[in-house]
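Trainee: Sequence:
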Amino acid sequence: MTNAPGHGTHPLIRALRATRAPAASRSNALHAGAWWLWALGLAVAASRTTNPLLLGLLVGVAGYVVAARRTDAPWARSYGAFVKLGLLVIGIRVVFSVALGSPIAGTHVLFTLPEVPMPGWADGVRIGGRVFAEQIVFALYDGAKLAALLICVGAANALANPARLLKSLPGALYEAGVAVVVAMTFAPNMVADVLRLRTARRLRGRPTGGVRAVAQIGLPVLEGALERSVAVAASMDARGYGRTAQVPPAVRHTTTALTLGGLLGVCAGSYGLLAAEGARYGVPLLVAGLVAAAGGLWLGGRRSVRSRYRPDRWGMRSWLVAGSGAAVAALMIRAATVPGSEALHPGVVPLTAPELPLWPALSVLIGLLPAFVAPVPVGAKESSR
1 MTNAPGHGTH PLIRALRATR APAASRSNAL HAGAWWLWAL GLAVAASRTT
51 NPLLLGLLVG VAGYVVAARR TDAPWARSYG AFVKLGLLVI GIRVVFSVAL
101 GSPIAGTHVL FTLPEVPMPG WADGVRIGGR VFAEQIVFAL YDGAKLAALL
151 ICVGAANALA NPARLLKSLP GALYEAGVAV VVAMTFAPNM VADVLRLRTA
201 RRLRGRPTGG VRAVAQIGLP VLEGALERSV AVAASMDARG YGRTAQVPPA
251 VRHTTTALTL GGLLGVCAGS YGLLAAEGAR YGVPLLVAGL VAAAGGLWLG
301 GRRSVRSRYR PDRWGMRSWL VAGSGAAVAA LMIRAATVPG SEALHPGVVP
351 LTAPELPLWP ALSVLIGLLP AFVAPVPVGA KESSR
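In this note's numbering, the protein residues as written are 1 to 385.
It is possible that part of the hints are untrue.
[Claimed, not checked] Calculated cross-link-like contacts (lysine to any residue; reagent style SDA-like; alpha-carbon spacing at most 25 angstroms): (1) K84 <-> L140; (2) K84 <-> A73; (3) K84 <-> G265; (4) K84 <-> G129.
Hints in this document: simulated from the structure, not taken from any laboratory.
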């Protein structure tokens with residue numbers, strides 16, 4: 001007599017097998033909004049520190065999750081472009097600091113540039129002059145912070161399907177959501193077109209670098225983007241997009257007031273969360289704004305007549321992915337307000353080596369959870385064998 005599969009297995013082992021990430025399919029696909037909430041949580045955490053070790057850890061967490069869970073879709077290839085853009089931002093920040101000076105008064109002079117004399121009305125503005133090691137380090141820290149924000153947004157672009165994100169938007173935001181999704185898909189599609197055209201030129205023995213090659217590649221890329229936009233507009237028109245229902249004027253006015261007031265509250269609350277001195281009022285304003293905006297969007301959705309075909313479901317794995325990003329953001333905000341948070345913003349005068357704070361670093365590692373609970377794409381599963 002043979003036992004059934006799994007019979008006699010320890011309960012803990014069966015529980016671990018049940019929580020193991022399954023292969024991705026249409027039925028268990030992760031909600032696109034969960035990826036954006038996870039990435040925005042990492043971005044909020046990056047905005048609370050200038051420690052290069054923590055910023056590098058955040059970028060490493062985002063990169064590991066992207067490498068483990070991205071698909072072969074065109075938008076999934078945009079992550080590398082965002083990483084290069086982040087490095088470019090750091091370089092530009094350092095160049096501007098060298099050329100235009102910095103408010104950081106250092107003591108270690110690296111070199112001296114020819115200084116351009118400025119008129120009296122431009123007092124405080126300097127072009128050239130002495131360049132200190134402290135100002136270079138400060139520019140590197142500041143540029144790394146902005147680069148980490150861009151890379152976190154790039155991770156969301158590489159993991160979330162823009163079309164499915166549009167389908168999940170409330171009816172009141174459907175028209176604006178189309179513009180936002182088209183804007184989000186432009187960069188990934190442009191990167192895919194550039195890679196395709198560069199590969200074609202390389203196979204034909206033509207150069208892929210230089211100003212002339214860039215000019216020859218740019219025109220087909222823009223032409224392809226225009227053709228896709230026209231095709232999308234034609235398909236939307238053929239499907240009857242834009243139909244609206246009649247609603248009473250009082251409902252329209254209430255919807256406008258709730259939506260605008262809620263969005264203003266969300267903006268003010270988000271600024272409070274990002275600013276170091278606004279953490280106290282940021283959370284109440286953000287919660288109140290979200291509640292008001294949700295009510296306005298629910299009322300505004302009554303005028304949008306559209307059907308949903310196989311809507312995406314927000315399951316337990318989506319909660320885990322979104323919750324991991326929210327946990328990273330909340331713990332980093334908390335770490336910035338408690339005593340001993342100086343390690344989040346290492347000083348540059350005098351120059352000191354940055355230290356890796358233990359609890360903030362462990363908080364960042366919570367962002368790795370999507371790499372273990374999100375469904376595994378078929379391509380990623382096959383490549384890992």
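Trainee: If a hint holds in the structure, say so; if it does not, say that too.
Mentor: Okay, the hints, checked on the actual structure:
1. K84 <-> L140: 15 angstroms, holds
2. K84 <-> A73: Status holds; Cα separation ~20 angstroms.
3. K84 <-> G265: Cα-Cα ~34 angstroms, so violated.
4. K84 <-> G129: Violated, because 30 angstroms separates the two Cα atoms, which is more than 25 angstroms.
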